[in-house]
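*Asks:* Residues per chain, in single letters:
Number of protein chains: 2
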Amino acid sequence: MSNVYSMIPVPQAQQIVLDHCWTLGSETIPSHEAVGRVLSVSVVAPDSLPPFPASIKDGYAVISSDGIGTYNVVGESRAGSMDSPNPAQGTVVYITTGAPVPLGFDAVVQVEDTEEVPSEKVEEEEGTMTSSDYKQAGRKNRRVRILKAASPGQDIRVVGSDILVGETVLRSGEVIGVAEIGILATVGATHVTVYKQPHVGVMSTGDEVVEPSTSPLGPGQIRDANRSMILAAAAKAGAKVTDLGIARDTEGHIQGCFDRAVSAGVDVLITSGGVSMGDRDLVKPLLERTGTIHFGRVLMKPGKPLTFATLSLPSAAPGEGGDPSSEPQRSMMVFGLPGNPVSSFACFYLTTLPALRKLMGWSNPMLRRVQVKLAQTLKMDPERPEYHRVALQWSKCPFLEGRAEHVGCDWWAVSTGNQISSRLLSARSANALLEVPQASGFLRQGTLVSAILIDDLQAMPDPDGLSLQ
Amino acid sequence: MSNVYSMIPVPQAQQIVLDHCWTLGSETIPSHEAVGRVLSVSVVAPDSLPPFPASIKDGYAVISSDGIGTYNVVGESRAGSMDSPNPAQGTVVYITTGAPVPLGFDAVVQVEDTEEVPSEKVEEEEGTMTSSDYKQAGRKNRRVRILKAASPGQDIRVVGSDILVGETVLRSGEVIGVAEIGILATVGATHVTVYKQPHVGVMSTGDEVVEPSTSPLGPGQIRDANRSMILAAAAKAGAKVTDLGIARDTEGHIQGCFDRAVSAGVDVLITSGGVSMGDRDLVKPLLERTGTIHFGRVLMKPGKPLTFATLSLPSAAPGEGGDPSSEPQRSMMVFGLPGNPVSSFACFYLTTLPALRKLMGWSNPMLRRVQVKLAQTLKMDPERPEYHRVALQWSKCPFLEGRAEHVGCDWWAVSTGNQISSRLLSARSANALLEVPQASGFLRQGTLVSAILIDDLQAMPDPDGLSLQ
Ligand SMILES: [Mg+2]
Ligand SMILES: [Mg+2]
Chain L
1 MSNVYSMIPV
11 PQAQQIVLDH
21 CWTLGSETIP
31 SHEAVGRVLS
41 VSVVAPDSLP
51 PFPASIKDGY
61 AVISSDGIGT
71 YNVVGESRAG
81 SMDSPNPAQG
91 TVVYITTGAP
101 VPLGFDAVVQ
111 VEDTEEVPSE
121 KVEEEEGTMT
131 SSDYKQAGRK
141 NRRVRILKAA
151 SPGQDIRVVG
161 SDILVGETVL
171 RSGEVIGVAE
181 IGILATVGAT
191 HVTVYKQPHV
201 GVMSTGDEVV
211 EPSTSPLGPG
221 QIRDANRSMI
231 LAAAAKAGAK
241 VTDLGIARDT
251 EGHIQGCFDR
261 AVSAGVDVLI
271 TSGGVSMGDR
281 DLVKPLLERT
291 GTIHFGRVLM
301 KPGKPLTFAT
311 LSLPSAAPGE
321 GGDPSSEPQR
331 SMMVFGLPGN
341 PVSSFACFYL
351 TTLPALRKLM
361 GWSNPMLRRV
371 QVKLAQTLKM
381 DPERPEYHRV
391 ALQWSKCPFL
401 EGRAEHVGCD
411 WWAVSTGNQI
421 SSRLLSARSA
431 NALLEVPQAS
441 GFLRQGTLVS
451 AILIDDLQAM
461 PDPDGLSLQ
Chain G
1 MSNVYSMIPV
11 PQAQQIVLDH
21 CWTLGSETIP
31 SHEAVGRVLS
41 VSVVAPDSLP
51 PFPASIKDGY
61 AVISSDGIGT
71 YNVVGESRAG
81 SMDSPNPAQG
91 TVVYITTGAP
101 VPLGFDAVVQ
111 VEDTEEVPSE
121 KVEEEEGTMT
131 SSDYKQAGRK
141 NRRVRILKAA
151 SPGQDIRVVG
161 SDILVGETVL
171 RSGEVIGVAE
181 IGILATVGAT
191 HVTVYKQPHV
201 GVMSTGDEVV
211 EPSTSPLGPG
221 QIRDANRSMI
231 LAAAAKAGAK
241 VTDLGIARDT
251 EGHIQGCFDR
261 AVSAGVDVLI
271 TSGGVSMGDR
281 DLVKPLLERT
291 GTIHFGRVLM
301 KPGKPLTFAT
311 LSLPSAAPGE
321 GGDPSSEPQR
331 SMMVFGLPGN
341 PVSSFACFYL
351 TTLPALRKLM
361 GWSNPMLRRV
371 QVKLAQTLKM
381 DPERPEYHRV
391 ALQWSKCPFL
401 EGRAEHVGCD
411 WWAVSTGNQI
421 SSRLLSARSA
431 NALLEVPQAS
441 GFLRQGTLVS
451 AILIDDLQAM
461 PDPDGLSLQ
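Chains L and G, in that order, give the protein sequences.
So the first sequence is numbered by UniProt numbering: it starts at 1 and just counts up by one.
So the second sequence is numbered by UniProt numbering: it starts at 1 and just counts up by one.
Any given hint might turn out to be false.
To be verified - Heads up, simulated DSS-like pairs for lysine-lysine below, C-alpha to C-alpha not over 27 Å straight-line: (1) L:236 to L:196; (2) G:240 to L:240; (3) L:236 to L:304; (4) L:57 to G:240; (5) G:373 to L:373; (6) G:396 to G:304; (7) L:236 to G:396; (8) L:148 to G:379; (9) L:373 to G:396.
What the hints assert, rightly or not - Residues of chain G placed beyond 10 Å of chain L at every Cβ, according to the derived structure: (10) 141; (11) 291; (12) 407.
To be verified - Label-pair restraints from in silico Cβ distances: (13) G:9 to L:245: 54 to 62 Å; (14) L:463 to G:167: 46 to 54 Å; (15) L:285 to G:373: 24 to 32 Å; (16) G:42 to L:260: 51 to 59 Å.
To be clear, the hints were calculated from the coordinates, so they are not data collected in a lab.
Backbone N, C-alpha and C define an ideal beta-carbon position, used for all residues, glycine too.
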């Protein structure tokens, strides 16, 4: 059996997976639930912003041709409440930031460039009035001196200067984040049309594999780390997830889990274990019989037995409630991840996550690759490229610490230690997979190496305490 | 009033905010709900991994001193099921990857370094047996030739080589991510003790501000973008959130929202609007009377009127259900964000988010700062440092596109365009705030500038299509 599958390079495996992704349908959901989702329909502004000419400053709306001089304050325009004075040469209107500039006025003079001229009546009574009385009375009969002539349009945001009616404010294919939520609210989009979430089912296989709650462990048993981990990863990626449990190493038991995945309406089934070449590695044989295996060995370390298949399903799954006619021929993608936890971790990020992103509508679903400097010398493997777990950090050179050359910051990749594929601690705090080339010898400390981002750099180590300015 | 608050620099404002953060209590939750939470108690392994000496290869467990030769296969050890043969010189045990090495055997020889020797009986019957029969029969009476002598311990993971019983596998203060979920499962930690989530209440203020669902807008109205946006940002940061609505520009209305925040048990109240110097900017006066304002103006663009206060609360809020005795003196932090949406966006990231992270237990709650090259020339502001919204990308030099020098990749900061504080489109797709120094003149294209990460770089623009290898 081991010769049935030729060993393909990772980029080819990634391409095959993406080529087998279809497009999930769309759904319309409340905007406040849309963070992380991808727009399937662009959002267009139904009105302009500002919807009225708006003042940029606290000050006075003026008729710019009036120029310097002393004018009657004939009204007030505040955010949310505005007098409607008749514009006339020689008058001004008190205005606050963001408030509408009344019709007929064409500039704003900021309050710093003006001087209040209390009316005579108010001045007479000044001694007996509180400052608040004064303000109230003053409003009715105020005069102001404009000290700087305004140019037409000065300190006014014209209608539509931020957003023009009919403008596309968010494009189909954009991932909705925090700012996008604000933009949706601004244009009155309380609901948005987004790609559906892929439904991911996750199962583990293995006679030795037991529930994490098992304690003490029986002879030969190990706890199932993969299922919790992959469920968490798929949910974090934005998928709906279903826990399909642990299958024993029998065809019947594994088939039972597959059947439950199908009836739950799963789009993507992720298994772990059972893809090696032993006579109790039954996932591949089952996929061979019931579907199409697109690859069954990948040139990578860890993760060599990674398997990808598709199963055609007769019709839309019951219990999903969707419109079956909109997705004519259902099929299920199956990722057969290796059983070692680090292998399943690396394989998920390198092949499954891009697939989930593509299903969710990302226009560029591939993980981002950057170049970083190596904080320590690494031995390369002449047999396979290795995806070495590292924590990227922006810092001074870690291996020159305490020396005069320890200046200037750069992106450094710090290894998480022993990379044996059973040791999940090597994935702890990892935010990238370093691409260590297939070669003899060593990659020296300080070498520029490419790294694939697998986690948010907002939580990256900050060893130099740079973060507070 | 405008002179009451001295203008302080952003780092000082950040420090003041962090100095006023207290520690929330802990709670024990199911591990599968713990992604994004921070451990308040370290996690220790209750048993070793592997819990038994485990084979690294498919092959034969041997007694290494036996060396090269032909041996009887006296048993099998597979993941989850193991014969218990009596170890004896001159015998071997068939073993699969990850399976326990039976007692008395001290090395594994991989199958590639062995040769099966069918027993004579089996050889006689060979003609009439299927290969599966053969395997079955062969198991009972097999012999194997070991072609390479094994050294003691070869291809065996010793007990505890991945995790040692009693080892701290996750430390208090660590943020729980995908790999950490797997590690928790591995050590049988179905529940974890984590810092509580801060409870954040969000309100907007302003007579002009209306619900996003309002359409068409009445005269002088604008839709409330800030509340949805800040609710989304706080939830994304891991907080529990409560929507406190929109307050009119009256003290009574604003006080009413404050009261609702208190009775909901809010730890952090975020308001927007009402912090400028107009006579209807009532948030600051109210905070002055009911709490302590720690700063009321910050040297930043946008965001100058940013206000931070604390209110002492008489006792634990009812309706929270927590143990009041564990948090003796409750207080509420109040962030008075400016009303312009971009100002509230920038102020949230620069001051509120670090506070939320600190409350949630992050050991380094500050946003991470990196250095990037400027993709276009920017005008600096001599009055204030500017937090210019940019999309960071790893790419070739964007402004040399098509030219021979357009080689080699670097981190580039691409401006999101017009930075006026009312234009929320300038925050669309932004993943960093560029720190543009307070100065005259221009920052030239290509200059190295510091940038503060505000979003996940895993979704950064990938203009060169680098991502598929
Ligand atoms: Mg197995
Ligand atoms: Mg206001």
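*Asks:* Give a verdict on every hint.
*Replies:* Now for the hints, and whether the structure bears them out:
1. Taking the CA atoms of residue 236 of chain L and residue 196 of chain L, the gap is about 15 Å. The hint holds against a cut of 27 Å.
2. For the suggested pair residue 240 of chain G and residue 240 of chain L, the alpha carbons sit about 21 Å apart, so the restraint of at most 27 Å is met.
3. Straight-line distance between C-alpha atoms of residue 236 of chain L and residue 304 of chain L comes to about 25 Å, which keeps the hinted pair within the 27 Å bound.
4. Between residue 57 of chain L and residue 240 of chain G the CA atoms are separated by roughly 36 Å; this puts the pair beyond 27 Å, and the hint is violated.
5. Pair hint residue 373 of chain G plus residue 373 of chain L holds up; C-alpha atoms about 18 Å apart against a cutoff of 27 Å.
6. As the CA atoms of residue 396 of chain G and residue 304 of chain G are separated by approximately 36 Å, the hinted pair breaks the 27 Å bound.
7. Between residue 236 of chain L and residue 396 of chain G, the direct Cα distance comes to roughly 30 Å. Violation of the 27 Å bound is thereby established for this hinted pair.
8. Distance hint between residue 148 of chain L and residue 379 of chain G is fulfilled; the C-alpha atoms sit about 25 Å from each other, no more than 27 Å.
9. A hinted pair counts as satisfied when its Cα atoms are at most 27 Å apart, and residue 373 of chain L with residue 396 of chain G qualifies at roughly 18 Å.
10. Remark: the non-interface label on residue 141 of chain G is consistent with the geometry, its nearest Cβ contact in chain L lying 17 Å away (cut-off 10 Å).
11. At roughly 23 Å, the least C-beta separation between residue 291 of chain G and chain L is larger than 10 Å, which holds for a residue marked as non-interface.
12. The beta carbon of residue 407 of chain G is kept farther than 10 Å from every beta carbon of chain L, the shortest such distance being approximately 13 Å.
13. About 56 Å separates the C-beta atoms of residue 9 of chain G and residue 245 of chain L, a value consistent with the hinted range of 54 to 62 Å.
14. With their beta carbons about 23 Å apart, residue 463 of chain L and residue 167 of chain G fall outside the hinted range of 46 to 54 Å.
15. Taking 24 to 32 Å as the suggested C-beta distance range, the pair residue 285 of chain L and residue 373 of chain G does not conform, at roughly 53 Å.
16. For the pair residue 42 of chain G and residue 260 of chain L, the beta carbons lie near 37 Å from each other, so the given range of 51 to 59 Å is not met.
The structure is inconsistent with the numbered hints 4, 6, 7, 14, 15 and 16, although it conforms to all the rest.
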